[in-house]
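Following the hints, position chains B, C and D against chain A.
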Amino acid sequence: MTVRVQTEDFDVGFEISQLRKMRKDTGAVVSFVGQVRDLNEGDSVSQLTLEHYPGMTERSLSLIIGQAKSRWDIFDALIIHRVGTLEPTDQIVLVAVSGAHRGEAFKACEFIMDYLKTEAPFWKKEVTQSGERWVEAKQTDDAARERWTTTHESIE
Amino acid sequence: MTVRVQTEDFDVGFEISQLRKMRKDTGAVVSFVGQVRDLNEGDSVSQLTLEHYPGMTERSLSLIIGQAKSRWDIFDALIIHRVGTLEPTDQIVLVAVSGAHRGEAFKACEFIMDYLKTEAPFWKKEVTQSGERWVEAKQTDDAARERWTTTHESIE
Amino acid sequence: MKIKLFYFARLKETLKYSTEDLDLPADVVTILKLKAFLAKRGDVWGEMLMGKLKVRAAINHELVDDKAAIADGDEVAFFPPVTGG
Amino acid sequence: MKIKLFYFARLKETLKYSTEDLDLPADVVTILKLKAFLAKRGDVWGEMLMGKLKVRAAINHELVDDKAAIADGDEVAFFPPVTGG
Numbered sequence: 002m003t004v005r006v007q008t009e010d011f012d013v014g015f016e017i018s019q020l021r022k023m024r025k026d027t028g029a030v031v032s033f034v035g036q037v038r039d040l041n042e043g044d045s046v047s048q049l050t051l052e053h054y055p056g057m058t059e060r061s062l063s064l065i066i067g068q069a070k071s072r073w074d075i076f077d078a079l080i081i082h083r084v085g086t087l088e089p090t091d092q093i094v095l096v097a098v099s100g101a102h103r104g105e106a107f108k109a110c111e112f113i114m115d116y117l118k119t120e121a122p123f124w125k126k127e128v129t130q131s132g133e134r135w136v137e138a139k140q141t142d143d144a145a146r147e148r149w150t151t152t153h154e155s156i157e
Numbered sequence: 002m003t004v005r006v007q008t009e010d011f012d013v014g015f016e017i018s019q020l021r022k023m024r025k026d027t028g029a030v031v032s033f034v035g036q037v038r039d040l041n042e043g044d045s046v047s048q049l050t051l052e053h054y055p056g057m058t059e060r061s062l063s064l065i066i067g068q069a070k071s072r073w074d075i076f077d078a079l080i081i082h083r084v085g086t087l088e089p090t091d092q093i094v095l096v097a098v099s100g101a102h103r104g105e106a107f108k109a110c111e112f113i114m115d116y117l118k119t120e121a122p123f124w125k126k127e128v129t130q131s132g133e134r135w136v137e138a139k140q141t142d143d144a145a146r147e148r149w150t151t152t153h154e155s156i157e
Numbered sequence: 417m418k419i420k421l422f423y424f425a426r427l428k429e430t431l432k433y434s435t436e437d438l439d440l441p442a443d444v445v446t447i448l449k450l451k452a453f454l455a456k457r458g459d460v461w462g463e464m465l466m467g468k469l470k471v472r473a474a475i476n477h478e479l480v481d482d483k484a485a486i487a488d489g490d491e492v493a494f495f496p497p498v499t500g501g
Numbered sequence: 417m418k419i420k421l422f423y424f425a426r427l428k429e430t431l432k433y434s435t436e437d438l439d440l441p442a443d444v445v446t447i448l449k450l451k452a453f454l455a456k457r458g459d460v461w462g463e464m465l466m467g468k469l470k471v472r473a474a475i476n477h478e479l480v481d482d483k484a485a486i487a488d489g490d491e492v493a494f495f496p497p498v499t500g501g
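Protein chains in written order, with my numbering: chain A, 2 to 157; chain B, 2 to 157; chain C, 417 to 501; chain D, 417 to 501.
Heads up, some of the hints might be wrong.
Said to hold, decoys possible - DSBU-like cross-link-like pairs, simulated, lysine-lysine; straight-line CA separation at most 30 Å:
(1) K139/B with K470/C
(2) K470/C with K126/B
(3) K449/C with K420/C
(4) K126/B with K428/C
It is worth saying that the hints were derived from the structure and are not from the lab.
Looking at chain A on its own, in the form it has when it is part of the complex (with noise of 0.2 Å):
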């Protein structure tokens, strides 16, 4: 299990390419990459700062992760997730599951995400024309997250 929280940005293919190769038997990677949209909310965001909660964040993100390898069958999964100053395009985080079947790495990849959004102390803050703002939590991502625990048997 790999979890990263960094300012410096990450490159995809090769950490794809490491959770492959890590086992002969794996047969899928499923991934996530979050990049900065250059638009939020109906306005046009010229930057965006992340900031985050140190030890808990690696904490949290880290049971995430063990939550998703108790659930499926998966081989590995990964977490890199920036902070700092961030502008419309860069990656903000990128999530990785390997296992020897997609359907368990699809799940696994979503729930992380799905989690991520809701649970690990990260927070945005965006720069648009009318100024400085925090970005709002959505309530579409508790839904999301809900799913999870709710209709659990329907989606899997």
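Same frame as chain A, now just chains B, C and D:
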């Protein structure tokens, strides 16, 4: 939309990055990388040869992307599938989907893989200790594809 | 009615044909009738096309079922269930 | 009871505190009581911790609710709902 069938390997990082940067309002790229496993049906596999139906392959992959685009709010999708002779840990297939938000991109990517597995004219022959054999189609793949027609609402 | 035929994977290997041009009799107008027509070529043809093996068919690059109608100039293909990805 | 406190994001910005060490009165034993205790510092504290803003809390890096008990030596943090990813 990009569909490529080729013998050469592909660069996952480059492809995801191209898709990601295509639009500044891209927020998510979900991808699947398939790798040759050294194990299938309990036997160790030393080599895999992929045959396909030129013309029909490209057509069916394009149709699958078209279906995904009509069902989910995604920006673009890419499929690269290798043919010819491959060895364990070689990459076989890349599917990548970009969109504003992760939920739609996750669904579209998994949908494309499930349809590719059951509709795109590729066939695998593998070399094991006991000789060559054609890989049999899996019922689990048919079931995975069926989810998108029969229990579509609950998946979404 | 003239068609072009393709065989793939296990069918190609066993039938020892990858492609052929055929001029069909007037009554061979569907995939099922074409299978039966080809099966008359002998054991391995019958086994492959009308036996226990699941055979899928395509007309002009589109998956079709046994009832699908064949037209002059069509490209028809027979192959096992697909196993890509 | 001595604790270490952290504030993040909008809370840190508005309260103008990122961290502080506190020696709590004996009756401040839960997150809710700690919020009420801090709110007494004045307007902006009350607004931020007991107002309309949703505030989440963590004890020793674990998300907790208002009823959670605080122990001596704990690291307690207050922050808005998270917005990473």
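Consistency of the hints with the structure:
no., hint, result
1, K139/B with K470/C, "12 Å, holds"
2, K470/C with K126/B, "17 Å, holds"
3, K449/C with K420/C, "16 Å, holds"
4, K126/B with K428/C, "13 Å, holds"
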